[in-house]
Amino acid sequence: MRARILAGVLLAALHPVASAEEVGRVAPAGPIPNARVIVFYVDGLRPDVVRAMAQEGLLPTIQQVFLEGGLEFTQAFTTFPSNTLTANGALVTGRFPDRTGIKSQNQFERTTRLPAGQAGEWLPEWLARRTRQGPRIVDLLDKFAPEDTHQVLRRRGVPMLDTYLGARYRHTVLPIAPLNPPPLWLHRALNTIEQPFTAIHRIPHELDQVNARYLIEEVLGDPEARVILAWFPMVDKLSHHSPRGQFGDVRDTLIAFDRWLGKMVRRIRQVGWSHSTYLFLISDHGHVGGTTHPSRPAGLVETFVHRRLGCNVRVVGQEWVHPGFDPNRFVFVDHQAWGQASIFLPQAAYHTGAWRRNTLEELLAYDLGPNRGRVNLVDALGRFDGVDLVLVKLDAARVLVHRASAPDALIHLQTDEAGMEQYRYEPSFPEDDPLGYLRDPTVREAASPRPVAQWMAEAHSAEEWLRVTAGTDYPDAVVGIAKFFSWKPPVAQLADSRDPDLVATAARGWTFRTDGETGTDHGAPLREAMRMTCFLAGPNIRLGQSSHPHRIIDLMPTILHLVGIEYPPESLDGTAMEGIFSNVE
Amino acid sequence: MSNDELSPVTCHLLLAAWCLLLGACCVLRVPGVSAEESFEERFFAACPSKARLTVHRDDRMLDLHGALYTTANVTELEVVRLADWLLDLPIPGPEIRLIEHVFVGIRGAWHRFGHARPLRRIGELADAFQLRELSLGDATVSYTVATGGSISPGSGTIVRANKLIDWIQHLVGDLNEGAGWAIGRPRGAFPWTLPGRAVDGTQWMVIKTTHALSVALTRCVDGAISLTENVLEACLNLPRGTPHRHATIFLRLPVGVYRQYEPWLLEHQDRLYAGTAEELRGLTHAELFHRRLARRKPWGDLDRVQPPPSSVVLVMDARLFRMAPEALAPYVIPSAWIDGLNPLADAWPSIDNPANQF
Numbered sequence: 089m090r091a092r093i094l095a096g097v098l099l100a101a102l103h104p105v106a107s108a109e110e111v112g113r114v115a116p117a118g119p120i121p122n123a124r125v126i127v128f129y130v131d132g133l134r135p136d137v138v139r140a141m142a143q144e145g146l147l148p149t150i151q152q153v154f155l156e157g158g159l160e161f162t163q164a165f166t167t168f169p170s171n172t173l174t175a176n177g178a179l180v181t182g183r184f185p186d187r188t189g190i191k192s193q194n195q196f197e198r199t200t201r202l203p204a205g206q207a208g209e210w211l212p213e214w215l216a217r218r219t220r221q222g223p224r225i226v227d228l229l230d231k232f233a234p235e236d237t238h239q240v241l242r243r244r245g246v247p248m249l250d251t252y253l254g255a256r257y258r259h260t261v262l263p264i265a266p267l268n269p270p271p272l273w274l275h276r277a278l279n280t281i282e283q284p285f286t287a288i289h290r291i292p293h294e295l296d297q298v299n300a301r302y303l304i305e306e307v308l309g310d311p312e313a314r315v316i317l318a319w320f321p322m323v324d325k326l327s328h329h330s331p332r333g334q335f336g337d338v339r340d341t342l343i344a345f346d347r348w349l350g351k352m353v354r355r356i357r358q359v360g361w362s363h364s365t366y367l368f369l370i371s372d373h374g375h376v377g378g379t380t381h382p383s384r385p386a387g388l389v390e391t392f393v394h395r396r397l398g399c400n401v402r403v404v405g406q407e408w409v410h411p412g413f414d415p416n417r418f419v420f421v422d423h424q425a426w427g428q429a430s431i432f433l434p435q436a437a438y439h440t441g442a443w444r445r446n447t448l449e450e451l452l453a454y455d456l457g458p459n460r461g462r463v464n465l466v467d468a469l470g471r472f473d474g475v476d477l478v479l480v481k482l483d484a485a486r487v488l489v490h491r492a493s494a495p496d497a498l499i500h501l502q503t504d505e506a507g508m509e510q511y512r513y514e515p516s517f518p519e520d521d522p523l524g525y526l527r528d529p530t531v532r533e534a535a536s537p538r539p540v541a542q543w544m545a546e547a548h549s550a551e552e553w554l555r556v557t558a559g560t561d562y563p564d565a566v567v568g569i570a571k572f573f574s575w576k577p578p579v580a581q582l583a584d585s586r587d588p589d590l591v592a593t594a595a596r597g598w599t600f601r602t603d604g605e606t607g608t609d610h611g612a613p614l615r616e617a618m619r620m621t622c623f624l625a626g627p628n629i630r631l632g633q634s635s636h637p638h639r640i641i642d643l644m645p646t647i648l649h650l651v652g653i654e655y656p657p658e659s660l661d662g663t664a665m666e667g668i669f670s671n672v673e
Numbered sequence: 047m048s049n050d051e052l053s054p055v056t057c058h059l060l061l062a063a064w065c066l067l068l069g070a071c072c073v074l075r076v077p078g079v080s081a082e083e084s085f086e087e088r089f090f091a092a093c094p095s096k097a098r099l100t101v102h103r104d105d106r107m108l109d110l111h112g113a114l115y116t117t118a119n120v121t122e123l124e125v126v127r128l129a130d131w132l133l134d135l136p137i138p139g140p141e142i143r144l145i146e147h148v149f150v151g152i153r154g155a156w157h158r159f160g161h162a163r164p165l166r167r168i169g170e171l172a173d174a175f176q177l178r179e180l181s182l183g184d185a186t187v188s189y190t191v192a193t194g195g196s197i198s199p200g201s202g203t204i205v206r207a208n209k210l211i212d213w214i215q216h217l218v219g220d221l222n223e224g225a226g227w228a229i230g231r232p233r234g235a236f237p238w239t240l241p242g243r244a245v246d247g248t249q250w251m252v253i254k255t256t257h258a259l260s261v262a263l264t265r266c267v268d269g270a271i272s273l274t275e276n277v278l279e280a281c282l283n284l285p286r287g288t289p290h291r292h293a294t295i296f297l298r299l300p301v302g303v304y305r306q307y308e309p310w311l312l313e314h315q316d317r318l319y320a321g322t323a324e325e326l327r328g329l330t331h332a333e334l335f336h337r338r339l340a341r342r343k344p345w346g347d348l349d350r351v352q353p354p355p356s357s358v359v360l361v362m363d364a365r366l367f368r369m370a371p372e373a374l375a376p377y378v379i380p381s382a383w384i385d386g387l388n389p390l391a392d393a394w395p396s397i398d399n400p401a402n403q404f
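So the sequence lines, in the order shown, correspond to chains A and B.
Sequential numbering from 89 applies to the first sequence in our numbering.
Sequential numbering from 47 applies to the second sequence in our numbering.
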């Protein structure tokens, strides 16, 4: 018996594990079994810039691996607002922001409540302070809270990539991660930076290099890893500080990334993963501006709210206070990424109002005090130079879309008999609308043979809206805006606390930034900001381009499908991308 | 040459005069440029303004936070890297990094051997010792460094321990599988999934706890340094005082409200200014409140026999404003509004204007 056991152990030990290379030789329909997925996530990368630079021969690795050896999704869009954290929330959960609550990089809460279903809910009132009076501002990108967003989602019971994958999920530092930074990341960072004595100042400027080295040295080759998410944020970071952005000196950063990508791909080959691994090259949003000239600062915070309205203003990390004003009364502007601004005001009257959301009637006659009178904030904001759209939530099912130069429109969120969400866009005049859909030839073509006005008179599904508006200046804006103002379980109870009173979006050529610098920004629902880079390469993936429109929420189900992980479809809003394999009819 | 024609000398003289005139105009335009300054700039122009001293500056090497983190960083430098530096020191040209290349070469060669399980386990064991990653601060489990956005869970020891535990788990799994094959139980001789998960869970818990502790520790150290810096900054700035522009309050009262509080205002008239916005635009803070320059305004618009203005502008310092009747607080205005930037005065979409109805 002992001899048999020993023989068994010996045979098991000598039996080679089915190598990835072998697995790759079998070409079943759809994804190959035991596959891995590596996502190279370049923050803020514009797809048109990738293509243009690749054609000039500046991005040889991207050209070889993705443009020639993969499939490009030419109509992939992020969520609104087109910000990093919002997009990451959608990326790692596969859900629209209305089911995650991640709608900004900051959380402004008029009052704070403990989430339902937690232990704290059962504690007596005197022991657990369930509500917090007065507003609270949480910076989800705070340096001491690198896992805050992940914790927020986990506490609310929102499943994420790591929920499905567990220890099979590996990552670099990420905006949303279960362990941030992952083990040995800092060690690798300090030993990657050329001058370690200034590492503390240099790491934030060399994150691409550090993450690439971390991936090469610590993650690639890990036999347990099935899905790897690697973040390269420098293109985005530098675009915010470069007047021409990705049309200027940020291209050097992209060229450097391409070199690192080459090293990472070589390491993938070295560890024998190349025939069993799917590679994604994605971004989370684009950037507006820089194509011909730098964007101009609109002065929304300093000029409009602080000087003209005469209010104290707070943004994350900065405030403008008038001497003599009560410092506890203020307007909060959440304008991170500087392409949109969510504005929170005291209810009805700046000097006396409580922190409750304003109705449209209150915003139309907002009381700024005895010296200022009542002001129509929607109109005033719409007329302010640099403001494109003004959005106001009317109720749980309607959002007002206002633009100074066009008639207003309403977005309706409805539910049909089958319980599916439907969206209707109702311009107040039949010839013109704030999003320009009525005059857009691509909408006309997509809605044909029906006239656009007739098509819009009815409610349609999110997929239909994406298909019809994908070619416009505001792709997927109807669904994106509706989802921004909508709250569903498990975050439904946060609506009153977190919905902004007004949202302004920056017009092309303008920015809401307050840091005095010049750069290209994002956040607006404009095409350049909403369109994301998305390439897929790997075994059985067909080559070329796919013009079928997709959202960022479709990535997670696609990743899970590629690695063969089952998931309850109702837990995700996105659907796995179809038509990506060359061996499937 | 006719009398009507000008001589070249005259032409030159005229040209010179013209240039002088242009120059004079340019010079004369300078006050015009300054006249475009905002009221706030003009009003506080003569006030002493000493920039506040800032102790904490992220971009300086000598910043206290930076010094702490730099010291901690140095302990994380790999021994291999330090040795490579020493070897590279006497050799001119770019760094060779001999030892690092040896490690990379061994790793590359290792992958060429294939993926047979015994080889893989040997590789995992070698990796678990983390020889290449060995650094001076390796054994200090609780040591953490903030990197401007991230905190380390404690490199080295915990990772090494975890990798060794993983290796043992894999080895036990292999032996279990082999034993199971021998006794005809393809899923293993004994159920290993549950204990394996328990071990994984414990490892994860240890990592998360260490992480949380290191964040708390870093926060404490960071907070203590910030507190020291703030106290130091306050002490250094104490003699500099608050700039006048941050301590001067402007109010605009309808004349009715002004009359209601006139007794209090008259009582403190030495410490405040009351007049019209038009009058105030021609004055400066220095003229009104600086002791050496302060002059008594003989007659103002409020004192003259004429129809009273619709509103009165008050200027006072923050200390007096704190003593003022609370009812005056809503009448505070930004100083920019003295220039006329006012929603009611400008073409502003006020609800009172029917043309601007939404």
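Rather than coming from a laboratory, the hints here were simulated on the basis of the structure.
There could be a bad hint or two in this list.
Here are some of the chain B residues that sit facing chain A, going by a computed Cβ distance under 7 Å [as the list claims (entries may be wrong)]: (1) PRO138; (2) ILE168; (3) PRO376.
Below are the DSS-like pairs computed for lysine-lysine, each with C-alpha atoms no more than 30 Å apart in a straight line [as the list claims (entries may be wrong)]: (4) B:LYS209 x B:LYS254; (5) B:LYS254 x A:LYS325; (6) A:LYS351 x A:LYS325; (7) A:LYS351 x B:LYS209.
Keep in mind it's a predicted model, so treat the numbers as computed, not measured.
Backbone N, C-alpha and C fix where the C-beta goes; we use that ideal spot for every residue, glycine too.
Tested hints:
1. PRO138: violated (18 Å)
2. ILE168: Violated - the Cβ of ILE168 (chain B) stays beyond 7 Å from chain A, reaching only about 11 Å at its closest.
3. PRO376: holds (5 Å)
4. B:LYS209 x B:LYS254: Judged against 30 Å, a Cα distance of about 16 Å means the pair holds.
5. B:LYS254 x A:LYS325: The hint holds at about 29 Å.
6. A:LYS351 x A:LYS325: Within the cut-off at roughly 22 Å; holds.
7. A:LYS351 x B:LYS209: Status holds; Cα separation ~25 Å.
Checked against the numbered hints listed earlier, the structure breaks hints 1, 2; every other hint is satisfied.
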